Amino acid sequence: MIDTPAQPTAQAGAATDPGRTSRRRRRRPTKITEQVPRHLRAHLTAYLMITPMVVLLGIFVIWPLVYAFYLSFFEMSFYKDAEFVGFDFYKYVLTDPEFYESLLVGLKLALMVVPTILVLALLLASFLATLSKRMAAFMKTTVYVPAVVSSVVAAIIFVFIYQDEGFANWFIGLFGQGPLAWLNTASTALPAVAVPAIWLGFGVSTLIMLAGILDIPESYFESARLDGANFWQRTRYITIPSLRNVILFLLVSGLTLTIQEFQLPLVMTNGGPVNATNTPNLYIFNSFRDATPYATSYSLTAALLLFLVIGTISLVIFRVVSSEKSSDA
Amino acid sequence: MRQRRLRIVAATAVAALIALAGCSSNNGNSGGSGGSGGPAEITFWQSQFEPYQQKWFKTYVDKFNASQTDVKVKYQVVPGDTWQQKLKAAQAAGTQPDVATTNYGGIPAGVANGQFAELDKLLPGKAWSDIKSNVGGFVQVDGKHYAYPMLVEPSTVLYYRTDLVKAAGLDPNAPPKTWDELLTWAEKLTKGKVKGMSIASVATDLGWSSWGLQYNACGHLPINDDWSAANAKDPCYTKLFEFYQTLFQKGWIPQQPKVGYPDATPYGQGQVAMMANGSWAVGQLKQTFPAMIKNTAVAPFPSVDGDPSKPTATLGGWTLTVDAKSKHKEAAAKFIEYLLAGDPAIMADFFRQSGFSKYTVRTSVDQALAGDPAATADPFMKIISDKVVATGKAEPAYPFDISLAFATAIESVMKGKSDIPTATQKASDAIDRVIKQQRLKGTAPKG
Amino acid sequence: MNRSWYAPRRLLSYLLVAGIAVTALFPLAWMAISGFKGQDEVLRSPFQFFPDVWRIDNYRLILADPAFVRAMVITFVGAVIFTVASLVVNSMAAYAFARLDFAGKRLWWLVCITPMFVPAMAILLTSFVVVSKLGMLDTLAVLIIPGVAASAQMFFLRQFYLNMPAAVEEAALIDGATRWQIFLQIFVPQSLGPFVVVGIASFLGYWNSYVWPVLVVSNPDLTQIMQYLATFRSARGNEWGMLMAGSTLAALPTILLVLIFQRYIVNGVRLAGLK
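Residue numbers (UniProt numbering), protein chains in the order written: chain A, 1 to 329; chain B, 1 to 447; chain C, 1 to 275.
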């Protein structure tokens with residue numbers, strides 16, 4: 001079997017394990033050296049290293065989040081005393097069918113966008129890794145270009161592509177189909193929004209994949225080549241397993257971002273036709289429109305519930321992907 | 001050695017960040033309170049609209065600041081798409097502006113929340129008596145004034161291309177009077193790539209742009225007068241649903257609108273022969289598509305049965321409000337008085353800048369404009385003012401959720417997702433839910 | 001890698017490059033070219049790629065606007081500080097989570113990764129209250145500091161550090177190196193590629209942020225580039241020509257940055273040699 005870098009990962013885990021076992025031995029006097037024991041130093045170093053992050057996140061995310069949860073039990077008025085309402089707003093959000101519809105829209109969108117980006121980025125990055133230096137330099141910049149186009153402008157460009165005489169209808173016309181009202185047909189609207197989302201996101205994902213592929217020791221590929229493995233076999237048995245950590249990242253971050261997509265449907269469809277592209281954040285945005293305390297509390301609660309949903313899904317992904325890792329090792 | 005140096009680098013970076021926070025925050029707070037002696041400093045947030053509006057506000061804020069030394073106005077434009085977020089965040093932190101633009105529909109809810117300062121004593125009596133009687137009620141709750149109105153703009157007016165109408169064998173001097181006639185026009189004017197007309201077709205736009213037509217079809221909105229229960233299943237709405245449905249399903253309106261309802265671009269570019277839009281579209285046509293003006297005529301939007309006295313539009317528009325927690329209410333009122341309620345020439349200038357696409361709420365400004373040949377010669381102003389504004393209704397004060405629920409029903413029927421009874425049942429349930437959850441029963445504003 | 005290509009394969013490769021380039025660059029080109037169009041031309045149907053008449057007014061007006069230049073400069077300065085600071089903060093934490101074992105690691109990991117899943121809307125009001133109470137409103141700091149610690153970035157770098165062979169670390173420890181030395185002298189230099197990728201993403205994130213600057217900044221001197229571009233937008237008709245020209249100009253620094261730094265996303269030599 002080909003040597004996979006899953007092993008270095010496992011080794012990394014093993015390397016840190018002694019720290020864990022030695023914790024039990026901490027009370028035994030260590031007279032071997034006069035220095036502070038290495039494992040203790042690692043504790044101190046680790047705390048120093050995470051302190052800036054923990055402090056900043058604590059102030060600007062965790063505390064506001066805790067505070068938001070606290071506020072969600074009130075009907076918030078900034079002019080009168082806020083009224084304690086317990087779980088009322090959770091009940092309101094959770095009994096609104098449109099909230100579930102919007103979650104479903106967000107999930108569907110993520111299912112269209114994230115796997116497509118992963119596959120595209122993997123293929124593209126594998127391809128880029130084979131190019132000459134100058135060509136690769138050009139391509140690395142090129143694939144990234146869509147990411148610098150703001151989503152408002154991208155949305156408008158794609159509105160054009162989907163117009164009656166637009167590129168999309170010209171294309172399906174070649175096969176004797178259409179024309180379709182892409183953005184105003186329940187079955188095509190969401191995929192039509194997914195395309196610019198993919199287009200905007202694949203560049204950075206490709207660069208990330210590329211960085212991951214270039215991280216794989218070439219000796220792996222060379223020995224595979226000697227064994228006569230073709231591109232697909234190399235991808236399947238070397239690239240993908242080696243990229244597991246990168247893929248886990250792209251999966252979780254892609255999902256988190258896509259479920260929260262907002263600007264594209266806002267400009268392209270405004271959530272229509274009949275809520276078919278009403279993503280969770282668009283739903284929350286619309287429930288925020290009124291100036292009333294109710295609207296403020298409702299949208300806040302809906303956003304907190306969205307947080308719980310995204311967190312839960314990500315937790316499941318973490319579980320599934322890392323359990324694979326342990327079975328491999 | 002190396003390690004220490006790098007650790008120092010890291011420490012310096014963190015320290016620099018903290019220093020950055022520290023020193024810049026000192027600068028940031030310096031402009032806060034007016035202090036003693038100096039002018040009272042008030043902040044004014046304006047929701048961003050057409051470019052000429054920002055220009056007009058800036059000009060007169062500067063003039064006001066230069067004209068006296070008691071009050072200094074800090075003017076800020078806030079993009080419309082982030083207005084609610086910015087305002088609510090500021091309210092939560094207590095940094096909200098002293099003066100803000102507020103639309104008519106937002107006044108009753110804001111008053112119920114205790115958000116606005118009462119203005120009766122802060123502005124002189126003649127400022128209030130100058131307001132036209134049909135608008136006076138828009139800024140009052142229980143007989144007290146909480147906002148000073150700036151303008152009205154009807155949400156729905158019919159624009160049509162006289163050249164295309166003639167070419168289709170129709171009479172441009174006899175615009176459609178009923179919805180059926182309008183449908184006939186839309187059919188005849190749909191030729192090749194040019195669609196018969198444009199109108200809202202997505203729930204978020206339909207939500208507010210169809211209020212006038214809801215009144216027109218039924219004489220009421222889809223809720224009881226005392227807001228105790230939904231009234232969305234009234235059979236009189238059938239005509240309204242069928243009207244929108246026919247336009248969409250026959251392909252007489254663009255199937256994939258490029259822009260939202262309030263943007264007149266498709267009409268300006270000749271992609272549609274007629275357009276339902278607010279009066280503000282006049283301004284956009286004049287500024288961006290001036291060539292279109294000579295072939296454009298306006299008419300009140302047709303009525304369900306041809307009765308021209310029934311409302312077809314709601315009168316949207318903007319007011320200035322003073323925050324209830326403002327420390328400088330008098331100074332704020334002074335600014336509002338200067339800008340909106342004082343010299344009629346200031347507001348007259350605004351309406352001139354707008355291409356007469358908005359309408360004054362003050363008798364004295366009307367008189368000032370009467371002497372302006374540009375105003376009296378405007379081909380659209382008189383029709384809109386006399387025939388649309390005159391029958392226009394106030395925007396409903398209930399939460400937008402209700403409008404959205406009914407608009408979703410319209411959209412569902414338009415796009416064939418459900419039939420009328422199913423759609424209205426769903427809307428009715430949703431509206432009842434809103435009434436219950438937001439405790440609306442009995443809170444309807446009187447009048 | 002073996003690069004002995006034969007001709008048809010090379011041709012295929014060029015075709016692929018060309019195809020990808022067109023797909024990726026077309027919208028940018030359209031945006032740039034639309035900047036030369038008149039106000040009523042941009043949204044015209046049927047689709048028109050080139051303007052009737054090439055006008056440079058939009059570009060000239062924007063370049064001559066001191067507010068634009070100011071916004072570009074201040075946003076650039078902010079983005080550079082932001083990117084450097086977040087690389088420092090996040091890579092340190094990433095190293096600790098990937099390579100060190102310490103008491104309460106799982107708890108701290110949870111604390112550091114959870115923020116990734118928090119929708120901006122959920123903490124919009126409360127984080128505004130926090131920065132306002134800290135007296136940070138209307139400063140460069142409030143644009144930079146709240147976003148410096150980024151869970152996604154930290155997570156990303158951690159995933160790369162996990163891949164590093166443990167042998168390297170063990171050898172260095174035996175030689176008496178400290179964890180700081182290992183981190184700074186082995187891990188950081190070896191992950192230039194990931195650093196560049198994540199740095200570019202941070203820079204872009206800062207560059208494109210819009211809602212937060214609108215909330216926290218009212219001083220015109222601190223107006224960010226996306227705020228500036230928003231002045232051309234309105235529900236009642238956008239100034240498309242200006243918006244396209246402005247967006248094109250605003251995209252240039254970010255493209256330039258990738259052009260400069262892409263060369264660091266290259267084959268790392270370490271692993272092959274060290275195995």
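Misleading hints may appear alongside valid ones.
Said to hold, decoys possible - Straight-line C-alpha distance at most 30 angstroms; calculated BS3-like pairs for lysine-lysine:
(1) Lys121/B / Lys325/B
(2) Lys108/A / Lys74/B
(3) Lys74/B / Lys133/C
(4) Lys327/B / Lys133/C
(5) Lys417/B / Lys108/A
(6) Lys55/B / Lys80/A
(7) Lys133/C / Lys80/A
(8) Lys310/B / Lys121/B
(9) Lys58/B / Lys177/B
(10) Lys188/B / Lys91/A
(11) Lys80/A / Lys121/B
(12) Lys108/A / Lys258/B
(13) Lys80/A / Lys72/B
(14) Lys58/B / Lys91/A
(15) Lys239/B / Lys58/B
(16) Lys239/B / Lys91/A
(17) Lys72/B / Lys105/C
(18) Lys325/B / Lys310/B
Read the hints as simulated data drawn from the structure, not as lab findings.
These numbers come from a predicted model, not from an experiment.
For each hint, the structure was consulted:
no.: 1; hint: Lys121/B / Lys325/B; result: 16 angstroms, holds
no.: 2; hint: Lys108/A / Lys74/B; result: 46 angstroms, violated
no.: 3; hint: Lys74/B / Lys133/C; result: 21 angstroms, holds
no.: 4; hint: Lys327/B / Lys133/C; result: 19 angstroms, holds
no.: 5; hint: Lys417/B / Lys108/A; result: 19 angstroms, holds
no.: 6; hint: Lys55/B / Lys80/A; result: 36 angstroms, violated
no.: 7; hint: Lys133/C / Lys80/A; result: 20 angstroms, holds
no.: 8; hint: Lys310/B / Lys121/B; result: 36 angstroms, violated
no.: 9; hint: Lys58/B / Lys177/B; result: 42 angstroms, violated
no.: 10; hint: Lys188/B / Lys91/A; result: 51 angstroms, violated
no.: 11; hint: Lys80/A / Lys121/B; result: 23 angstroms, holds
no.: 12; hint: Lys108/A / Lys258/B; result: 24 angstroms, holds
no.: 13; hint: Lys80/A / Lys72/B; result: 29 angstroms, holds
no.: 14; hint: Lys58/B / Lys91/A; result: 46 angstroms, violated
no.: 15; hint: Lys239/B / Lys58/B; result: 46 angstroms, violated
no.: 16; hint: Lys239/B / Lys91/A; result: 36 angstroms, violated
no.: 17; hint: Lys72/B / Lys105/C; result: 54 angstroms, violated
no.: 18; hint: Lys325/B / Lys310/B; result: 41 angstroms, violated
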